[in-house]
Amino acid sequence: MISAFFIYNQKGEVLISRLYRHDLKRSVADIFRIQVISNTDVRTPIITLGSTSFFHVRHENLYIVAVTKWNANAALVFEFCNRVINIGKAYFGKFDEEAVKNNFVVIYELLDEILDFGYPQNSETDTLKLYITTEVVKSERAVEDSSKITIQATGATSWRRSDIKYRKNEAFIDVIESVNLLISNTGTVLRADVSGQILMRAYLSGTPECKFGLNDKLLLDKDAVMKSNPLRRPNAVEIDDCQFHQCVKLVHPVVNEIGRTRVEYKINIKANFSPKLYAHNVVLKIPTPLNSAKVEVKVGAGGKAKYAPAENCIIWKIPRFQGQSEFSLSGEAELSAMTHKKAWSRPPISMDFQVLMFTSSGLLVRFLKVFEKSGYQSVKWVRYMTKAGTYQIRF
Amino acid sequence: MSDAKYFQRGKIQELRAELNSDKRDPKHTKKKTVMKKIVANMTMGNDMSPLFPDIINVMNVPILEIKKMVYLYLINYARSKPDMAMMAITMFIKDVEDPNPLIRALAIRTMGYIQVEKIIDCLIDPLSHCLRDQDPYVRKTAAICVAKLYMYDRGLVESERLIEKLRDLLNDPNPTVVANAVAALTEISERSDDIQLSLNLSVASKLVTALNECSEWGQTYILEALMYYVPQDSGNAELLAERITPRLQHANSAVVLTSVKVIVYLMNYMEKEEDISNLCRKLSPPLVTLLSAEPEVQYVALRNILLVIQKRPEVLKNDMKVFFCKYNDPIYVKMAKLEIMFCLANAGNVDQVLSELKEYAAEVDVDFVRKAVRSIGRLAVKIESAAQRCIAALIELIETKVNYVVQEAIVVIKDIFRKYPNQYESIIGTLCENLDNLDEPEAKAAMIWIIGQYADRIENADVLLDDFLYTFLEEPVEVQLALLTATVKLFIKRPTAGQDLVPKVLKWATEEVDNPDLRDRGYVYWRLLSTDPAAAKAVVLSEKPQISTETDNMEPALLDELLLHVSSLASIYHKSPTTFISNYKPRYLMPSPVLQRSRSSQFESNLPIPQTTEVQEQKEATAANRLSFNGNGYDFSGFQTGNPYATEVVNRPEIRQSQVTGGADLLLDL
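Those protein sequences? They're chains A and B, same order as listed.
Quick note: the first sequence, position 157, residue 157 per UniProt numbering, numbers continuous.
Quick note: the second sequence, position 125, residue 125 per UniProt numbering, numbers continuous.
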């Protein structure tokens, strides 16, 4: 299991160093710095030297690193690293070098709690916040309180206190779907799928059991049951058999490389969903060759486009995009002569958008029921949102 | 808070003065500040151990935050100052009696980290109490502490009967305690020479029940332990797998992959094909879902998918498209996806795969492009109906004249010629246009092989070979060997064209070169040619055995072994853990009346199957001798001692102990 845990900044300075086992010395921290941080071409998140393995995840300007000398469960190690990031964000708002340095004592306390001898322990932020706080002096507490904490930290519902009370009982369900699409340069859809999350924000007293039903074939006979949770609980519901109803948008790009000096763009975009709905924050990134000298773009009615030389692309923003409407962009890039020819890899056009009250899979929440001993009334809300996941169009 | 300012080098003298300062400090804020400075310095790697005696004085400050920093200090430096560490004992002894369970647990946890003899001596008693503490939080901390102690002193743990106490915790009403006890027992058994975890049906079944109540990590520990349950009945294996399947829906990928591991393991003990294919169907969707996780998790998933689909081709067989690479996937994800795409390719989807591969061959990352090109060639070998289209794609790529693409293409075209002789020779002309650009040994050797093999059709073969021969003595051995053979082939096929070259090459190979292989091959040719040209022809131009991509598949025994390690490092490297971890107990499928002797066993069928009864008796005898579990009125929770490998290792000499290598170099180039 995990023998040591480090957090580095981008320069490779150690910001947090905790050894959990005696099979390693602190000097292994230097090995990672030399092998990974100072290396410009890191091609794997895991390296093994001898029998010592380093797992790393990058976040903001940090390297989160776990070290083991065992045949550790790699998925568990990465999940743990990501969990540390999430706990950090929940505690400090942001998890970057500044936050780590400013709160290193709390981070050490947390690490002592969530990892024992390299085995991840309870890492639910809500429970941790009961006894590891960023506020000063609160250390002496009544024994009864502590017992309550320990019961919760080891209980079946470690993420929730049992004695929560709200005046108004409300529950919000957000259905958020990400559309992943890959279209080839000939216009055929190579990959189209939706991955969704159902998030529930519950302001419900006690620990009620909540049931919700979906319109999905698979789950109709066996409603997903989950215990209510005051915070986001990414309990992924598997709906793999769900067919992808319609492609949300179709983009028809025509890009001609004309000789060595000019590239012409002509891109049409059409929204295929109902005209009653709008897409917000539509952003298209259309890559331009690395040696573009001058790029001119024209758009019709829809949004604004401009060339961003730093990112090597044309950014086309359409703030509001009604269903069934259609926009087009035409552009031209002049290329400068280059001393040495380097192939342009033609990255795909990528696209970002949000459509509220629309699920691209057609998924609907049919009902939400709250069962609690006292039988109180509760108000329930459902929101839907579809956004772009990896939405790429090759040209 | 803004504690960043403490990240600067502190002088020992100054810190000591601050620690011992007499100034009024009613709320201990000054003490807290100096402790923070010390911890920051420890983090930066500055040696703070000279402050030990001064720190001991701080221990009595009744502030939890300070106490935790002091403990952190002790964990770091106690081993280097064992005598000093003694001074902390009174504090610990007081804390383990504290009415507050958080404090009791903190003390036990910290003492377990301080592996100094005197402290450990003081730990034994309280630890035994804590294992039966009324508070579950203390019990779960104590359970892990037994594992800590075991790493420090195995004999002590055994003589204090701590393992039995740990085993009792398997019946604890609290699921977190059970999970931690399971984790500790699993690790102890994996590291011990004489203790072997083995669960019987009732324990396994009880653990599965506890699964639903556990935290995500606890679920992982329990699932790992279930790998030590050996089903004796096909129905039980099926039932248990069925009960685990809901875990495949968990949001934590460690739970999902470890469940996959247990289910795939249990399949080995199932008799009905129908049950197996039902389960296979259930494995696909969760594996696909993992591909929308963080890239590192995707990578772990992909490497494991490649193992699972080799053993159970039904899994994911219709999900080719989800493995198409996205432009912004990290390189390690792309490489892993490419291998899976190749593995899933069949006559039905080969067109899709091929057009993807062509797309990838136009990207910029050299390794990725090479792998894509190579995959196109391997596809031609794997799927005969697609060979023509694959070759067309390769020719297109060769025409781009991108150096490494051309070389990679030539290497795979050689294999295509091997597989389909006398079908695609029309492209040789195109290949010959690119001779000057070859600078990699593998590509050179491949091209030379092609020239030699088709010396009778390539009109200027002698000229081409002569060009290569110009640098013969500087070439690496593989190119020299290829040149030697190609020249002899040319001579046999077209004596007039080869007669000038052969003596030259044979002379070099036998007189100027140090490599024994090359020299020997040179002599063999020489003697053959000079004594019996007909025999020479029969040898050099002999019928070659068929090649297929089957040889790329993993050796079944290794595959079976790796599937016992799904989700672990070994499953990512596709190497047995014994090759990169010292003293790792090898694992393999344990015998049982229902163990399905599949491909792997055919492979090993000449080996005697160990006699189970004997092993069983021996195990039970040792168990009774060492720990006398049965006599104590415990229900027999299935924790046995004795080494069941003992007899098997003798019977199975091929267990890959001989392959243990340094590992470092091998693994780094992944």
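These aren't lab readings, by the way, just hints derived from the structure by calculation.
Just so it is clear, the structure is predicted and the values come from calculations on it, not from any experiment.
Treat the hints with care, as some may be off.
Here are the simulated EDC-like pairs of lysine to aspartate or glutamate, each with C-alpha atoms no more than 20 Å apart in a straight line [stated by the list, open to error]: (1) K81(B) with D125(B); (2) K285(A) with E264(A); (3) K36(B) with E97(A); (4) K358(B) with E314(B); (5) K94(A) with E242(B); (6) K5(B) with E170(A); (7) K81(B) with D23(A); (8) K89(A) with E294(B); (9) K211(A) with E264(A).
Going straight from one Cα to the other, do K5(B) and E170(A) come out at no more than 20 Å? 44 Å, violated
Could you grab the alpha-carbon distance between K211(A) and E264(A) and see if it respects the 20 Å cut-off? 54 Å, violated
Under the criterion that the straight-line Cα-Cα distance not exceed 20 Å, is the pair K89(A), E294(B) satisfied? 17 Å, holds
For K358(B) and E314(B), compute the direct alpha-carbon distance and say whether it is at most 20 Å. 27 Å, violated
Hint check: K94(A) vs E242(B), CA-CA at most 20 Å. Holds or violated? It is violated: about 42 Å lies between the C-alpha atoms, which goes past 20 Å.
Is K36(B) within 20 Å of E97(A), Cα to Cα? The given pair, whose Cα atoms are some 17 Å apart, holds under the 20 Å limit.
Quick one, are K81(B) and D23(A) close enough, alpha carbons at most 20 Å? Distance ~18 Å between K81(B) and D23(A) Cα, so the pair holds.
Taking 20 Å as the top limit, are the C-alpha atoms of K285(A) and E264(A) close enough? 15 Å, holds
Hint consistency between K81(B) and D125(B) [alpha-carbon to alpha-carbon, up to 20 Å]: Not satisfied, since the Cα-Cα distance of roughly 23 Å exceeds 20 Å.
In summary, the structure is inconsistent with hints 1, 4, 5, 6 and 9 from the numbered list given earlier, while agreeing with the others.
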